[in-house]
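All chains should be built: construct the whole structure from the sequences, respecting the hints.
Chains as they are written, first to last, in my numbering: chain A, 34 to 488; chain B, 34 to 488.
Where hints are given, some of them may not hold.
When chains are identical, the list treats them as one kind, so a pair holds in a single copy or across two.
Unchecked claim - Calculated cross-link-like contacts (lysine to any residue; reagent style SDA-like; alpha-carbon spacing at most 25 angstroms):
#1 Lys420 - Gln85
#2 Lys169 - Arg70
#3 Lys347 - Arg307
#4 Lys169 - Arg49
#5 Lys347 - Gln239
Just so you know, the hints here were simulated from the structure itself, not pulled from any lab data.
There are 2 protein chains.
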Amino acid sequence: MPYNTTLFDTYIEQNRDRFLKEFGEFIGQISVAADKRGIPEMADMVVERFQQLGATVTLYPTPGSPIVYAEIGPQDAERTLMIYNHYDVQPEDPVELWETPPYEMTIKDGVIYGRGTSDDKGELLSRIQAVEAWLKTQGELPVRIKWVVEGEEEIGSDHLEDWVRRYSEMLTADGLLWEGGGYDEAGRIQMGLGCKGIAYFELRCQGPSHDLHSSVAPIVPNPAWRLVWALSTLKDPDDNITLDGYMEHVASLSEEEWASIDAIPMEFETIRERWGLSAWLNGMTDHAARRRYFSAPTITICGIQTGYTGAGSKTVLPAEAMVKLDFRLVHNLTPELAETLLRQHLDRRGFTDISITPLGGDGPAKSPRGSLVERAAIAASHDTWGKEPMMYPWFPGSGPMYPLSTLLGIPVIFAGATWHPDIRAHSPNENIFLKDYFESMRFTASFLSHFAAEV
Amino acid sequence: MPYNTTLFDTYIEQNRDRFLKEFGEFIGQISVAADKRGIPEMADMVVERFQQLGATVTLYPTPGSPIVYAEIGPQDAERTLMIYNHYDVQPEDPVELWETPPYEMTIKDGVIYGRGTSDDKGELLSRIQAVEAWLKTQGELPVRIKWVVEGEEEIGSDHLEDWVRRYSEMLTADGLLWEGGGYDEAGRIQMGLGCKGIAYFELRCQGPSHDLHSSVAPIVPNPAWRLVWALSTLKDPDDNITLDGYMEHVASLSEEEWASIDAIPMEFETIRERWGLSAWLNGMTDHAARRRYFSAPTITICGIQTGYTGAGSKTVLPAEAMVKLDFRLVHNLTPELAETLLRQHLDRRGFTDISITPLGGDGPAKSPRGSLVERAAIAASHDTWGKEPMMYPWFPGSGPMYPLSTLLGIPVIFAGATWHPDIRAHSPNENIFLKDYFESMRFTASFLSHFAAEV
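What follows is the structure, given as structure tokens:
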């Protein structure tokens with residue numbers, strides 16, 4: 034469905050100052066989910082901005098941050114697009130490293146600074162402004178839009194899945210446009226069709242009621258040893274996962290999937306240098322490393338604490354041992370399944386004394402190649418940047434795609450214009466390029482038109 | 034060699050106030066080896082006190098605290114007794130828990146309070162005063178005494194072994210009287226013929242140059258996993274040590290040794306309750322637990338630190354992992370041997386990337402039954418308390434007996450009067466019973482006479 038790009042671009046140009054002023058207001062409203070600062074105020078601000086568009090907006094309370102849900106566009110549109118964004122941001126710490134006030138929009142040399150500029154207020158608002166520009170210059174929207182804007186993305190989206198399950202009948206759509214798209218150092222547009230899932234667990238083992246003198250070791254169970262023995266049964270020294278049943282839920286990849294992974298550009302030498310590595314794990318080749326990086330599920334020890342860990346020696350037998358484990362999930366693995374398998378695995382080996390506390394997670398998401406959203410995003414990439422995007426079959430990171438994409442069965446595309454290689458998301462001096470802020474509007478308009486028109 | 038106990042006891046009684054005044058001066062002189070406070074001053078004070086006895090005293094400098102070495106008694110005495118004590122003390126922390134000033138002698142309800150009262154200034158000085166009382170009331174000493182008083186016992190006696198090796202020709206003796214003897218809750222006199230050795234190591238494994246996002250786990254070596262895998266090869270889940278070659282250096286015990294262990298009274302139920310345990314390791318019986326407690330070598334995880342260990346979840350792949358290990362050594366195991374075996378064991382399994390830093394240690398000491406010092410101590414126990422002592426074949430703890438006893442081949446006895454069950458050594462409100470302070474003098478005199486006379 035072609036649209037009048039001249040009118041669209043002119044409108045954006047004419048409203049440039051107001052759009053940026055609105056962006057400044059979004060940045061100025063603190064909305065830190067971690068300590069709940071400004072969350073209701075920010076949610077209200079998003080509701081109001083959707084109302085200005087003429088959208089039907091509902092604020093859904095959750096046990097955490099409320100979810101803003103907006104619908105706009107013809108009720109009888111042939112296609113429905115779901116869009117996902119979030120209005121919460123990371124804390125500003127360490128605040129002393131900011132060169133500009135974190136909650137004040139500062140524009141300098143073509144860069145907009147402030148907490149949330151790129152993650153994710155810039156993309157959220159530029160998409161809203163793109164819809165406004167479409168409505169003002171093209172008339173009716175070419176699709177129905179269902180917009181989910183949550184307020185807990187930065188702390189694990191703990192209440193999104195329950196909400197999705199509850200309102201699944203309302204949440205039908207033909208495709209899902211995700212947040213956070215961008216490009217790499219070489220200017221290659223990065224798009225993706227999913228991501229790995231994640232499950233995070235804390236395991237604890239109790240020993241004596243307090244640290245004992247280590248001379249009692251011959252007769253007192255040591256929780257540190259028990260944890261080491263239990264952990265050593267989960268993965269072997271060749272890095273093969275040996276957790277009972279885990280790998281049965283991991284399908285092998287198709288030739289097409291391997292090919293799309295092989296095509297992903299990676300600066301292996303640069304990355305190894307940056308990470309201080311002389312070689313990849315087990316000395317694998319770059320080719321093998323790329324395949325494993327994108328495809329493999331993991332069980333990672335993120336941290337262990339037990340006993341005395343200060344300077345010098347202290348002869349103690351620890352009262353407790355704790356490990357934090359991060360499971361990256363692919364294919365059919367879910368956090369619930371991972372927990373069940375882990376519990377059974379430990380019990381089967383007599384480690385019933387080791388407790389498992391789940392600390393959040395999400396299943397994986399993986400959309401099929403050739404979906405409508407993928408084709409629309411590729412076409413919009415050609416329109417906006419004049420080039421073919423790099424299409425990742427999925428990202429090695431994790432995020433809350435699972436409930437909206439996997440659970441609801443909606444193909445997802447991770448695509449957009451706002452993430453350049455130095456956005457410093459989650460860090461001081463978070464920023465977005467001024468040009469990208471407006472390019473995001475053009476990409477959004479093009480995406481809408483192709484999503485409506487692709488056959 | 035009987036001696037006139039009436040004269041001896043009367044002298045002690047008559048000099049009671051001066052003896053306590055001297056004790057107050059010893060307590061008043063801070064001598065914390067950990068932070069080197071007052072060490073030279075305390076060493077000088079000990080030298081001076083020996084000189085008052087008429088001893089030949091030498092102050093041997095070491096890279097740490099100096100060693101005070103005194104000889105006294107007839108050059109041509111038939112027998113030579115070596116005595117070991119130390120003049121350093123533990124730090125006074127946490128000082129706010131002291132009910133009296135730590136470096137001021139306070140006598141209250143028959144108890145003398147102050148840092149070092151029991152560990153080990155009380156025993157050191159009461160033994161010196163016993164020698165004075167002998168000289169003043171009996172004439173010449175019945176034996177030659179070689180007295181080693183070190184100033185680093187509380188921080189691992191790191192320089193004692195070198196000194197012993199250097200002066201081994203000077204350090205000949207027929208028996209060695211150790212520091213720290215006492216009695217238990219039931220009033221049973223506890224004596225011992227040795228102790229386990231100890232070796233303390235810190236192992237480190239390096240991963241990437243800094244903590245990475247855990248999504249890179251499929252291709253980046255994780256030092257926490259490597260440490261877990263390495264540790265799991267050292268001991269199996271049934272608590273059997275599987276370190277290559279370690280157990281080959283451990284001889285089995287004789288029937289007589291098992292019998293003397295079986296005879297050691299232990300309040301199993303009380304101890305389990307105090308430690309918060311429902312059962313011993315692997316559910317072993319009390320009988321088996323006592324045998325294992327006294328006889329088994331150990332490898333104990335005292336502490337592990339790696340990655341993120343704060344609240345909640347943080348998805349990191351750690352840059353480093355560290356473990357502190359404590360080996361309790363018996364029979365022919367030494368710290369040097371333990372380190373060599375550990376290095377070879379790790380290398381053989383490809384863990385060449387795990388570094389080992391030794392943090393001190395001592396070999397074990399184990400004197401044969403029936404030695405002169407043992408017989409003298411048993412006889413002195415009958416003289417002093419009118420009862421047979423509990424004779425431990427060795428103690429499950431560790432100490433610097435190895436250089437003076439094992440290396441020099443001198444049978445050792447751990448025996449004395451100053452340790453009651455609530456002395457709070459190393460803790461606030463360290464104390465010694467007033468009566469025990471003087472009983473230590475009587476025990477010492479009796480021990481000297483029996484050591485000279487036993488056939």
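Hint by hint, here is what the structure shows:
When the C-alpha separation of Lys420 and Gln85 is checked against a cutoff of 25 angstroms, the pair qualifies neither within a copy, at 34 angstroms, nor between copies, at 97 angstroms. Proximity of Lys169 to Arg70 under the C-alpha cut-off of 25 angstroms is found in neither arrangement, the shortest distances being 35 angstroms within a copy and 81 angstroms between copies. Taking CA atoms no more than 25 angstroms apart as the test, Lys347 paired with Arg307 passes between copies only; the shortest distance there is 21 angstroms, against 36 angstroms inside one copy. For the identical chains of this complex, Lys169 and Arg49 are intra-copy neighbours only, at 14 angstroms inside a copy versus 105 angstroms across copies, given an alpha-carbon limit of 25 angstroms.
Taking CA atoms no more than 25 angstroms apart as the test, Lys347 paired with Gln239 passes in both settings, with 19 angstroms inside one copy and 23 angstroms between copies.
The structure does not agree with the numbered hints 1, 2 stated previously, though it agrees with the rest.
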